[in-house]
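Enquirer: Sequence:
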Amino acid sequence: MAATAKRATNCLDGLQTSVRSKESAASQGTGSVRLRVASPKLREKLSALAAETLEFEVVGTENATESKRSAGRTLHSNTIEVLVMNASGAVQEDLQKIREAKTGTGELKTLLLGAPQNEADLLRYLRAGVSGLVAAEATAEEVLAAAQAVKNGQAICPGTQCAMLFRYIEKEGEAFPSAALHRDLGLTRREQQLIPFLTRGLTNKEIANHFSLSEQTVKNHLYRMKRKVGANGRLEIVDVCRQHGFSA
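All residue numbers for the sequence shown refer to the working numbering, where the first residue is 18 and numbers rise by one.
Certain hints may be false.
Stated by the list, open to error - Once the Cα atoms are required to be at most 30 Å apart in a straight line, the calculated BS3-like pairs of lysine-lysine come out as:
hint : residue 1 : residue 2
1    : K222      : K188
2    : K188      : K243
3    : K58       : K114
4    : K188      : K126
5    : K58       : K119
6    : K222      : K245
7    : K222      : K243
8    : K114      : K126
9    : K222      : K236
10   : K126      : K58
11   : K243      : K114
12   : K62       : K126
13   : K188      : K245
14   : K188      : K236
Said to hold, decoys possible - Label-pair distances were calculated between CB atoms; the ranges are:
hint : residue 1 : residue 2 : range
15   : Y240      : G170      : 36 to 46 Å
16   : G146      : R259      : 33 to 43 Å
17   : R141      : N249      : 46 to 56 Å
18   : P57       : K188      : 54 to 64 Å
19   : K188      : Y240      : 22 to 32 Å
20   : N169      : A196      : 32 to 42 Å
Honestly, the hints are just simulated from the structure, not real lab data. Please read these numbers as outputs of a predicted model, since none were measured by experiment. Using N, Cα and C, we set each Cβ at its ideal position, and we do this for glycine too.
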């Protein structure tokens, strides 16, 4: 009887200590992460894992009302929100969801499940503020680990997408800006980068894909370049630039 009473007392003491610890951590809000998870199935799994730690809170993003309710909750100054969303295949729709999620929130990071398989889509997601890329089939444990890394300021990127970024940076360095062209003709760095592609006879679409731009943006660049250098066509742009020392 005495042994049973002692075990009950120890259990009660442990429970009280745990409650005090949780209350203290909640009041301080140390390093907490709020995960806004779109997938109900993944949210359920993450909630089960998050229940084992004070660091994560899992909420949903099923609709605008829920999203605003989540954003309206009081956050500690060092609480970071991480939007966990699946790549739908419709990039523009995904980017719109990211923009909407950021509205009215403080610091929001985005973890994308399903890494883009082409450079153009990858760059669009990254420019929209995606902080981490995780395989679509990632486990809840892997997603939670990625969210922790993102919270700590790290970037998560699979090897295939890293290789895409390396190739993109390499291509960006193909055309170094010329001070003479900027001084004499007023050509910007981006405008100068187009010159080698004009030499090779690439179409507006091909140039746009290379730089992850829209065709209209390329057309606008070329229009301004013609006006600046006084040229009537693409090859004439190249000729004028060569006269000013540009090697393409």
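Enquirer: Would you check the hint for K114 and K126, treating anything up to 30 Å between C-alpha atoms as holding?
Expert: Judged against 30 Å, a Cα distance of about 13 Å means the pair holds.
Enquirer: Taken at face value, is the distance from the CA of K245 to the CA of K188 at most 30 Å?
Expert: Judged against 30 Å, a Cα distance of about 25 Å means the pair holds.
Enquirer: Between Y240 and G170, is the Cβ distance one that fits in 36 to 46 Å?
Expert: For G170 against Y240, whose Cβ atoms are near 41 Å apart, the range 36 to 46 Å holds.
Enquirer: Run the distance test for K222 versus K236: straight-line Cα separation, threshold 30 Å.
Expert: holds, 10 Å
Enquirer: Hey, K62 versus K126, does the alpha-carbon distance stay inside 30 Å?
Expert: Distance of about 20 Å is within 30 Å: holds.
Enquirer: Does the Cβ pair K188, Y240 satisfy 22 to 32 Å?
Expert: The hint (22 to 32 Å, Cβ to Cβ) holds, given that K188 and Y240 are roughly 23 Å apart.
Enquirer: Can the restraint linking K188 and K126 be considered satisfied, given a maximum Cα separation of 30 Å?
Expert: It holds: about 28 Å lies between the C-alpha atoms, which stays within 30 Å.
Enquirer: Would you mind confirming whether the straight-line C-alpha gap from K222 to K243 stays at or under 30 Å?
Expert: Within the cut-off at roughly 18 Å; holds.
Enquirer: Sort out whether K114 lies within 30 Å of K243, counting only the CA atoms.
Expert: violated, 38 Å
Enquirer: Within 30 Å, alpha carbon to alpha carbon, are K188 and K243?
Expert: holds, 24 Å
Enquirer: Hinted pair, alpha-carbon criterion (30 Å max): K58, K119. Please report holds or violated.
Expert: holds, 23 Å
Enquirer: With the threshold set at 30 Å, check whether the alpha-carbon distance from K188 to K236 stays at or below it.
Expert: Judged against 30 Å, a Cα distance of about 20 Å means the pair holds.
The earlier numbered hints that this structure contradicts are 11, 17, 18.
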